[in-house]
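**Student:** These are the residues of each chain, in order.
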Amino acid sequence: MKIRLVSIFVDDQDEALRFYTGVLGFVKKHDMPAGCARWITVVSPEGPDEPELVLEPNTHPAARAYQEALMKDGIPATAFESDDIHAEYRRLKERGVVFTVEPTRAGPVTLAVFSDTCGNLIQMYQQTSAPA
Amino acid sequence: MLHRFVLVRLCRARERLRESDDAKLSISAIAKEAGFSTYHFIRLFQSVFGVTPHQFRIQARLERAQRLLAAVPGRLEYKLYPSCFTLMAGPAGAAIFEKRTQAALADSSRRRASHRSVRRA
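Note that the protein sequences, when read in sequence, are chains A and B.
Under our numbering, the first sequence has 22 at position 18, and the numbering climbs by one with no breaks.
Under our numbering, the second sequence has 116 at position 112, and the numbering climbs by one with no breaks.
Treat the hints as calculated values from the structure; they're not laboratory data.
We treat Cβ as the ideally placed atom computed from N, Cα and C, and that holds for glycine.
Do not rely on the hints blindly, as some may be mistaken.
[Said to hold, decoys possible] With a straight-line cut-off of 27 Å between C-alpha atoms, the simulated DSSO-like cross-links for lysine-lysine are: (1) K97/A / K32/A; (2) K33/A / K97/A; (3) K6/A / K33/A; (4) K28/B / K76/A; (5) K33/A / K103/B; (6) K76/A / K36/B; (7) K76/A / K97/A; (8) K103/B / K32/A; (9) K6/A / K32/A.
[As the list claims (entries may be wrong)] Facing chain B, from chain A, some residues (calculated, C-beta under 8 Å): (10) D16; (11) E19; (12) E72; (13) M75; (14) K76; (15) G100; (16) V102; (17) F103; (18) T104; (19) E106; (20) S119; (21) T121; (22) C122.
[As the list claims (entries may be wrong)] Cβ pair distances, simulated, as ranges: (23) A64/B / V31/A: 42 to 50 Å; (24) E23/B / G29/A: 34 to 42 Å; (25) S41/B / S133/A: 40 to 48 Å; (26) L29/B / D53/A: 45 to 53 Å; (27) A64/B / T132/A: 23 to 31 Å; (28) R8/B / P65/A: 21 to 29 Å; (29) K28/B / M5/A: 49 to 57 Å; (30) H64/A / T56/B: 22 to 30 Å; (31) K28/B / D53/A: 51 to 59 Å.
So here's chain A without its partners, still in its complex pose (with noise of 0.2 Å):
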């Protein structure tokens, strides 16, 4: 088995497209309806034989709780990794993007956490030390 989708809870569908690609700078691989939503992924430019991420949509009560429980608590819905993540942090800013935690050092990672605009904390990481 290999993992090839991971998925993020968006409030907005095609808000959530343009913040994904407009903003982070991600592609957009698949778009295709799927009964009252759509089935949208996309993924990174540096690697796109990676997982993809499905931009899954939050109609379901459940998973609305879930986002706001997490972000009121400050707790990042997923994680990305920057191979710079001073220069990544400087772009977002200039692009409005709000963050929660601005770049700090947390033992083997630096770390910060911006809002993606649809409802989750997203948390970016760059590894400043080797992998255990």
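With chain A's structure known, arrange chain B on it following the hints.
**Tutor:** Using the frame of chain A, we list chain B on its own:
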């Protein structure tokens, strides 16, 4: 940077927006309650949640109405509801979901047509 405490205040204000009616509680009253000036609240809310407090309130109202519709058994919306989880779909599954939706739509319009013909008879 958005301080953790400010984020919590924003999240609470979002809950207030969802629960309250604009006739009873204005955006500026909610901003004040959360300890922001109205302008700052609107700007901050939009940059964190992607929509203005006003847009959020309209969306929340529409969703409430949709939930009420979905709660009526046998309604089309009720049938469509489970398919809103698309993760299990995948590219092949998405096509199946879409087919099922189209079938539900066709079924519903057939039923509506037959109701009409019954009424006419």
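**Student:** For K97/A and K32/A, compute the direct alpha-carbon distance and say whether it is at most 27 Å.
**Tutor:** holds (22 Å)
**Student:** The hint says 21 to 29 Å between R8/B and P65/A; measuring C-beta to C-beta, is that right?
**Tutor:** holds (26 Å)
**Student:** Please test the hint of 42 to 50 Å on the beta carbon pair from A64/B and V31/A.
**Tutor:** With a Cβ separation near 32 Å, A64/B and V31/A fall outside 42 to 50 Å, so the hint is violated.
**Student:** With 8 Å as the cut and Cβ atoms as the points, is E72/A at the interface with chain B?
**Tutor:** Holds. Min distance 7 Å.
**Student:** Does the Cβ-Cβ separation between A64/B and T132/A fall within 23 to 31 Å?
**Tutor:** With Cβ atoms ~42 Å apart, the hint is violated.
**Student:** Range first: 40 to 48 Å. Now tell me if the beta carbons of S41/B and S133/A are that far apart.
**Tutor:** The hinted range 40 to 48 Å holds for S41/B and S133/A, with Cβ atoms some 44 Å apart.
**Student:** Are the Cα atoms of K6/A and K32/A separated by 27 Å or less?
**Tutor:** Answer holds: K6/A to K32/A is near 21 Å, not above 27 Å.
**Student:** Against chain B, is M75/A within 8 Å by beta-carbon distance?
**Tutor:** holds (6 Å)
**Student:** State, for the Cβ atoms of K28/B and D53/A, whether the hinted interval 51 to 59 Å holds or is violated.
**Tutor:** The hinted range 51 to 59 Å holds for K28/B and D53/A, with Cβ atoms some 54 Å apart.
**Student:** A closest beta-carbon separation below 8 Å is what the hint needs, so does T121/A meet it against chain B?
**Tutor:** Holds - the Cβ of T121/A comes within 8 Å of chain B, reaching about 3 Å at its closest.
**Student:** Does the nearest C-beta of chain B fall within a distance shorter than 8 Å of the C-beta of F103/A?
**Tutor:** holds (5 Å)
**Student:** Per the CB criterion, is K76/A less than 8 Å away from chain B?
**Tutor:** holds (4 Å)
Checked against the numbered hints above, the structure violates hints 23 and 27; every other hint is satisfied.
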